Amino acid sequence: MKNLNSVFAAYLIGWGAFFLFYVSIAKRTSDLRAEVDRLKSSLTRTK
Amino acid sequence: MGKRIVLGAVAILLVIAAAYASFYVAPEERTMGLVQRIFYFHVGSAWAGLLAFFVCFIGNLMYVWKREPKYDWLGVAGAEVGLVFTTVVLITGPIWAHPVWGIWWTWDARLTSTFVLWLLYVSYLLLRTLIEEPERRALHSALFGIFAFIDVPLVFGAIRWWRTQHPSPVIMGGPGSGLDPTMRKVLLFSGLAMCVLMAFLIAERYVLEKMRSEVDILQREAEAQ
Amino acid sequence: MSLLSNTAILLGKELRTEFRSRELLTTTAVFILIVLVLFSFAINPGTEEARQFAPGLLWLAILFAASLMFQSCFLREQTNDTLSSLRLAVSDPFAIFLAKLIANTLFLLMTELLMLPFFAIFYNIPLWSKLPALILVLFVGSLGISIAGTAISAISAQARMRELLLPLLLLPLLTPVLVVSSLVTGSLLDRDPIVQWKGIGFLAVFDLIFLTALWLFGEYLLEE
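Protein chains in written order, with this note's numbering: chain A, 1 to 47; chain B, 1 to 225; chain C, 1 to 224.
It is worth saying that the hints were derived from the structure and are not from the lab.
Just so we're clear, the structure is a prediction, and the values are computed from it rather than from any experiment.
Mixed in with the good hints there might be a few duds.
To be verified - Across the chosen pairs, the derived CB separations fall in these ranges:
1) C:T27 - B:R184: 32 to 38 Å
2) B:K66 - C:A89: 47 to 53 Å
3) C:E223 - A:L43: 29 to 35 Å
4) C:L113 - B:W107: 19 to 25 Å
5) C:I43 - A:S24: 39 to 45 Å
6) C:R76 - B:E132: 40 to 46 Å
7) B:P134 - C:P193: 30 to 36 Å
Each residue gets a CB set at the ideal place from its N, CA and C atoms; glycine is no exception.
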């Protein structure tokens, strides 16, 4: 089982990268959603 | 919303199945042994990354033609997702190369071209951050994206034909050449799994960008009041 | 044909503006000279290895010089706000690009020819055996650099951080030109020089592809 560490590291880093990217999208989306709600409520209040 | 969850679930299942196949279905490579199993992940990501850049190119072309913001969103989504996949390619490449050749980085034609490709799309995303006005940003980045994608075959050609005076490492004289049939099937399956994952991530990123432009519109409304 | 006559008029204007002051040509030539001298400190010139590196260094210097030279190409129009009147004056906006890229190619080629003797002396490389082929390589390479550079400078002129942005966008795009032209130049300056026609052909294909892209998409770059 030579080089098991390398294979393990490669898959871990690869999947980790995809996962982190997905998390960053989800984070940015939820931030924006909060922003949309805030703006909408402030717009309706001023009307 | 529902469709995207299904797509995400399918992507995860396919990626797990591809990992299983590359460890238990594909035969062990004679000279490189276990470490060669990175190959399926590495090459699959490369295909998916290239396809994502192609999606970006289509978005760019359609934007220049139709001028609808949705194509701009597609362009960003494709570029960013493609960049993540090529980053994975550029990281897994050295991890694979080190135990086999004893060096982390070789200026091998494919790896080098991928690196240049990566730089081109980093520039594309940087350009987007440096133009304020939304319509000009969309148009100019779309045009740069078109030039960048046109450049891709030229980069690959130039590096492949003129940078290989040094004997490149023996393996991978070309995918498919002398590749074991089972290995090829696993590779194709792995590539497919990566492409589905890519499609899922592009869909997510697209929705994010769409929301961002909604926020822009709302903000302008709020300022107008 | 109105495209050609328009181009000729605009080119005349570009050349007159430059030759009145010669600012761009002198600055760029001095820049290449500085880079060549600095490179000679980074690697020891005159050695056998330097002979192998020299063509690459020459092209790198040209690339950097070009990315500085093209900065002013569209910026000048912007500061004087002449671009919109230019667009109204010509029937085909491609004429604007054509005039600018021909002017850029000429300026780049002139500085290169000016610097070539210094390059030969500093790096102890005899140029004369294959001079016509060398000039041909310089021409097709510089044409490619100018075509892509003119297009990109139209983009970068309207963005923030434009001085940094132009090389950032342009240099990765020009990788094929750098790879092929330095290799072709290298084999021309070898002990037994050969002309790599395949490489020159590749550079010509690069020029043609980008010229076509500019012809197809250039007008959108000039939109307000």
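Quiz item: Any hints this thing doesn't respect? Which numbers, in order?
Solution: Those not satisfied are hints 1, 2, 4, 6, 7.
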